[in-house]
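Let chain A serve as the given structure and place chain B on it in line with the hints.
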Amino acid sequence: EDKVVQSPLSLVVHEGDTVTLNCSYEVTNFRSLLWYKQEKKAPTFLFMLTSSGIEKKSGRLSSILDKKELFSILNITATQTGDSAVYLCAVATNDYKLSFGAGTTVTVRA
Amino acid sequence: NAGVTQTPKFQVLKTGQSMTLQCAQDMNHEYMSWYRQDPGMGLRLIHYSVGAGITDQGEVPNGYNVSRSTTEDFPLRLLSAAPSQTSVYFCASQRGGQGSYGYTFGSGTRLTVV
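Residue numbers (the numbering used here), protein chains in the order written: chain A, 22 to 131; chain B, -3 to 110.
For reference, chain B alone in the conformation it holds in the complex:
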């Protein structure tokens, strides 16, 4: 199993550009989330989804959009990149329900906005 796959691994954007960070999981997990990690701040929730067609905002949603048209995919869109969005982004998924274990994380995308 591939688990949670994120692409790209690295990206440099200019201020104002848009892009999509891809996330795919092959574990048939219901729950998927996007986090950003900044130095000294742990991981902060951007958006999450409890199933296909259902998304909701997390702690820091401004400047980001998500959609969940399939169980497998949960892309994160940056609408107009800003230097404050320079960060490491992690996608994660979880099966949910009784006996479920912690989220499985992708390997991350390091984004720099100049």
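Same shape as in the complex, but just chain A:
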């Protein structure tokens, strides 16, 4: 059975802090790893990672994948209150099915 584990489950930081979210996985027929942000409604797409060691960056967010050790991290630098959300990690298999982790709830305090 495919498994995706995220840590920590939740964290509280102050504006300006840097956060690092972790995602480890065990799946068969790995295709890609995806990060989503969810703010009380539908998940919105952040990154898709398919190759090891290549950092993807979007503004203050960045992510990297290690296919040998089977994990990914999502970094958020200079956090803002608008970064408060649940961050979901998902792994897609070759048949395009997604397996999600339970999510990490990030709360950024002003």
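Just so you know, not all the hints are guaranteed correct.
Stated by the list, open to error - Cut-off 30 Å, straight-line C-alpha distance, at most; resulting in silico cross-link-like pairs (DSSO-like, lysine-lysine): (1) B:Lys5 x A:Lys58; (2) A:Lys89 x A:Lys78; (3) A:Lys62 x B:Lys10; (4) B:Lys10 x A:Lys88; (5) A:Lys24 x A:Lys62; (6) A:Lys78 x A:Lys61; (7) A:Lys78 x A:Lys88; (8) A:Lys61 x B:Lys10; (9) A:Lys88 x A:Lys58; (10) A:Lys89 x A:Lys77; (11) A:Lys89 x A:Lys24; (12) A:Lys24 x A:Lys78; (13) A:Lys62 x B:Lys5; (14) A:Lys77 x A:Lys88; (15) A:Lys58 x A:Lys89.
No wet-lab data here; the hints were simulated from the structure.
Below, chain B without anything else, positioned relative to chain A:
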């Protein structure tokens, strides 16, 4: 483009009632899926489809039926609603193939079974 459209947004059912959650996408995506989201459990796959006429079960299919008669539509049927089906339901679609990006999600349906 409307993207992925789900209806209704909210629904309250009595135990034993049946209903259909609608999902439509206008992006000509091959792949469509239904997920349910419960507190602390992330999203779990109910059913998915790799094209019109082709469906398969996901992780939690019991109590749900799907069909895919067209590329655009992927309705989810609850046969006899139970309180355990109280959840938020998301439909998602993806183009598939080389260079495809992550699934696009609909805005969700919040279902309460009493």
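Hint check:
1. Annotation: proposed proximity of Lys5 of chain B to Lys58 of chain A holds, straight-line Cα distance about 20 Å (limit 30 Å).
2. A threshold of 30 Å between alpha carbons decides the hint, and for Lys89 of chain A with Lys78 of chain A the separation of about 21 Å falls inside it, so the pair holds.
3. Straight-line distance between C-alpha atoms of Lys62 of chain A and Lys10 of chain B comes to about 24 Å, which keeps the hinted pair within the 30 Å bound.
4. For a cut-off of 30 Å, the pair hint linking Lys10 of chain B to Lys88 of chain A is broken: about 46 Å separates their Cα positions.
5. With a C-alpha separation of about 24 Å, the suggested pairing of Lys24 of chain A with Lys62 of chain A holds against the 30 Å cut-off.
6. Taking the CA atoms of Lys78 of chain A and Lys61 of chain A, the gap is near 24 Å; set against the 30 Å cutoff, the hint holds.
7. Restraint check for Lys78 of chain A and Lys88 of chain A: satisfied, since their Cα atoms lie roughly 18 Å apart, inside the 30 Å limit.
8. Only pairs whose Cα atoms come within 30 Å are accepted, and Lys61 of chain A paired with Lys10 of chain B is accepted, the gap being roughly 25 Å.
9. Note on Lys88 of chain A and Lys58 of chain A: the hinted pairing holds, with a Cα-Cα distance of about 22 Å set against a maximum of 30 Å.
10. Simply put, Lys89 of chain A and Lys77 of chain A have alpha-carbon atoms about 18 Å apart, close enough for the 30 Å limit, and the pair holds.
11. For the hint pairing Lys89 of chain A with Lys24 of chain A, the CA-to-CA distance comes to about 16 Å; that is within 30 Å, so the pair holds.
12. With a C-alpha separation of about 26 Å, the suggested pairing of Lys24 of chain A with Lys78 of chain A holds against the 30 Å cut-off.
13. Distance hint between Lys62 of chain A and Lys5 of chain B is fulfilled; the C-alpha atoms sit about 11 Å from each other, no more than 30 Å.
14. Distance restraint check for Lys77 of chain A and Lys88 of chain A: the Cα-Cα separation of roughly 15 Å lies within the 30 Å cut-off, and the hinted pair is therefore satisfied.
15. Note on Lys58 of chain A and Lys89 of chain A: the hinted pairing holds, with a Cα-Cα distance of about 25 Å set against a maximum of 30 Å.
This entry does not satisfy hint 4, going by the numbered hints stated previously; all others are met.
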